[in-house]
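Student: Listed below are the residues making up each chain.
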Amino acid sequence: MSSALSLKDLRKSYGETEVVAGLNLELAPGTCHGLLGPNGAGKTTTLRLALGLIEADAGSIELLGHRLPHEASQARMRVGVVPQADSLDPDFTVRENLLVFGRYFGLARREIEARLPALLDFAGLAGKADTRIDALSGGMKRRLALARALVNDPDVIFLDEPTTGLDPQARHLIWQGLRRLTAQGKTLLLTTHFMEEAERLCDRISIIDHGRLIAEGAPRELIAAHVEAHVVEIDGEDSENGCEHLAERYCRRCEKIGETLFCYTAEPQALIAALEGMPHLRYLHRPANLEDVFLKLTGRDLRD
Amino acid sequence: MSTTRPAGGIRLTPHVFRLTFLPVWHRNFLVWKKLAIPSLLGNLADPMLYMLGLGYGLGRLLPDIGGVPYLNFLAAGTVCYSVMNSATFETLYSAFSRMHVQKTWAAILNTPLGLRDVLLGEWVWAASKSLLSGIAILLVIWGLGLQADFVMSLGLLPVIVLTGLCFAGLGLAINAVSPNYDFFLYYFTLAITPMVLLGGVFYPATELPAWLKAAADWLPLTHAIALARPLVLGQLPQDILWHGMVLLAYGLAGFWAACRLTRRRLLR
Ligand SMILES: Nc1ncnc2c1ncn2[C@@H]1O[C@H](COP(=O)(O)OP(=O)(O)OP(=O)(O)O)[C@@H](O)[C@H]1O
Ligand SMILES: [Mg+2]
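Top line first, the protein sequences correspond to chains Z and S. The numbers in the working numbering rise by one with no breaks, and the one at position 93 of the first sequence is 93. The numbers in the working numbering rise by one with no breaks, and the one at position 130 of the second sequence is 130.
Calculated directly from the structure, the hints in this document are not laboratory data. One thing to keep in mind: the hints can contain errors.
[To be verified] Calculated lysine-lysine pairs in the DSSO-like style (CA-CA distance at most 27 Å, straight line):
hint, chain 1, residue 1, chain 2, residue 2
1, S, K103, S, K33
2, S, K34, S, K103
3, Z, K141, Z, K128
4, S, K103, Z, K141
5, Z, K128, S, K213
6, Z, K128, S, K33
[To be verified] Stretch by stretch, here's where chain Z covers chain S in the computed footprint (C-beta under 8 Å, at least three residues):
hint, segment
7, 27-36
8, 103-110
Beta carbons: idealized from backbone N, C-alpha and C, even for Gly.
The following block holds chain Z by itself, in its conformation from the complex:
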C-alpha cells in the first residue's frame, strides 16, 4: 500500500541553519508514527512542510496522494491537525468551536451538528458543550483541540505534542483517544517529548536531530538495536570511587550523570549481586527503554 505521507530528501533552511536537512519519512496508512527529537530538532517545521504551509528548499512531499505544496488545499481536506500552540477560539463555547471549525472544511452546519455528539463524547466533553474555552482545564482544552482536528473525519492526523503540560490523568485520556483512532484505521503522525508515550502508542518511530533522521524503527527494535537490555542506576555517596570500578567490571557501558551512574548491560545479575553487598549504595534495576535510546543517540546536552 502506498504511504499516507511520503517525505523524500526534504530540506529547509532558515538563514544559515538547515533546520530540516535531507529528511526521509514514510507514513504507513493505519499506523501511529512517532516523530521524536530534542527541542529545535525540526519536528514542527517538518509537520508544517508536510501540510504544505511552508515551501521546502528541496525534496518532495506527497500527502494522501497529493503533491505538495501544489495540491496542499485538497490534501488538507482529509487531514486533521492538533497544533503545538493552543489555538482554540476563546470567543466561542466548546460547541461553537467545533461548528465554526467544520465550516472551514466546507461542511454544512447540519452535517457538523450531526457529528457533534460523537466528537464531544470522544473528547470526554459531553457535558461541556456550552462551556466557554477559558473555563476549561488544560486537559479539556487539549481534548477539544483533538476533537476539533477530527471534525472533518480526517484520514491522517498530525499531533504536535498533544500531551505537553498535562497531568497523568489527562495524558492517559488522550492516549486512550489516540488508540481508538488507530483502531478505527486512522493514520497518526505524533511528535512528543514523552518517550513513554511514544513507546506505548507508536508502531514506528523516527528520531531526528538537527533536521536529520538518526534512527528509525519499531520501539522494541530501536531499543534492541541501540542499547543493552538492562539498566542499573546507582546512587550513593561514594559513587565517585568504588562503584565506577564495579560498573566497569560488570557492564558493557556506563555513564555518569550528576550523582547517578547509569550502567547498561545485557547480564545484570553479577552487578546486582555485587551491589547487594554494598548497602550504602541505592540502586534501581529496570529494563532499557526508549528514553535510553533517545539520550544515547541525541546526547544529554541541553538544546535551548
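Got chain Z; can you put chain S with the ligands on it based on the hints?
Tutor: Here is chain S with the ligands on its own, set in the frame of chain Z:
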C-alpha cells in the same frame, strides 16, 4: 464516527472562483453577534460626540459654510471618519489579536483554506463592520434631517463601502508588519490623525494653503469626503470615477501588500 469522507457542503476547488473566504467572514460575524449592541454603540459614540459636540457647540459660533449650517457640513466628514475608524480598529487591534495572540489564523491555515482566504475574509469583514458604522451615522443624519436630498444621500452607501475597503486593506497591511499593539500608535499618529485633520472632516480642504492641499490630496480620506460631502448636501460629486478609483487603489494596494507581508510573517 464513520470513516466516510465529508460529503456535501461547499466544494473547495482552488482554481475556480472561490467563495471560501466566507467561513472566515462568518466566524468574525458570529463573535460580533454576541456583542453587537455594545460594539455598535462603541463605534458610534466617538464620531457622534464629534459631530454633535462640534456641530452644535462650534457650529453656533461659525457662519454657514457654503450656505449650510456647520452641523450639516460636518455630517459627511463624520460618516467617513467613522467608517475609517471602524475599519482601522478592526484590522489593527482585532485582526492582530486573531493573528498573533489567539492564533486563530494559524488554526484556519491547517484547514483547506489558505492565507488569501483568511485575509479576504478579514478584509470583507472589516468593510462590512464599517458599513454598519457608516449606516448608523447615516441614520442619525436622516433622523436629524441633515441631508438636503434623501435619494442623493443614498449615494453615501457605495462611498461607505469603498471607504471601508480602502481603510481595511491599509489596516491589514499595517497589521502584517506590526510586532505588537503599541506599534499601531505610529499608524494613528502618522496616518490617521493627519488624515482627520487635513482630509476635510472639519473644514473644506480648499481652505488649506496650496502646498498643504497638495499633500492632503494624497490622503484617501480626502477622496472619501470629496464624494460624501456633496451627496449629503444634495449635489452630485465631481470626478466621481477618479475619487472612487483612488479609494479602490489604496484598498487593493493595501490588501495586496497584506497578502505578501502576512505570508512572509506566518508562512515561511
Ligand atoms: N519561521 C522560522 N524562522 C526562523 N527560524 C525558525 C522558524 N521556524 C523554526 N525555526 C527554527 O528552526 C529550528 C527548528 O524548529 P522547530 O519548531 O521545527 O523545532 P521542534 O523540533 O518542533 O522543537 P520543539 O520540540 O521545541 O517544539 C529552531 O531552531 C527554530 O528556532
Ligand atoms: Mg515543535
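Student: Against each hint, give a clear statement of whether it holds in the structure.
Tutor: Against the structure, the hints come out as follows:
1. For a cut-off of 27 Å, the pair hint linking K103/S to K33/S stands: about 21 Å separates their Cα positions.
2. Distance hint between K34/S and K103/S is fulfilled; the C-alpha atoms sit about 20 Å from each other, no more than 27 Å.
3. As the CA atoms of K141/Z and K128/Z are separated by approximately 11 Å, the hinted pair is consistent with the 27 Å bound.
4. For the given pair, K103/S sits about 15 Å from K141/Z by alpha-carbon distance, which is consistent with the 27 Å threshold.
5. A C-alpha spacing of about 60 Å is found between K128/Z and K213/S, which places the hinted pair above 27 Å, so the restraint is violated.
6. A C-alpha spacing of about 22 Å is found between K128/Z and K33/S, which places the hinted pair at or below 27 Å, so the restraint holds.
7. Look at the segment 27-36 of chain S against chain Z: 4 of its residues bring a Cβ nearer than 8 Å to a Cβ of that chain, three or more, so the hint holds.
8. Residue count for the segment 103-110 of chain S with a Cβ under 8 Å from a Cβ of chain Z: 7. That meets the three needed, and the coverage hint holds.
The structure shown violates just one earlier hint, number 5.
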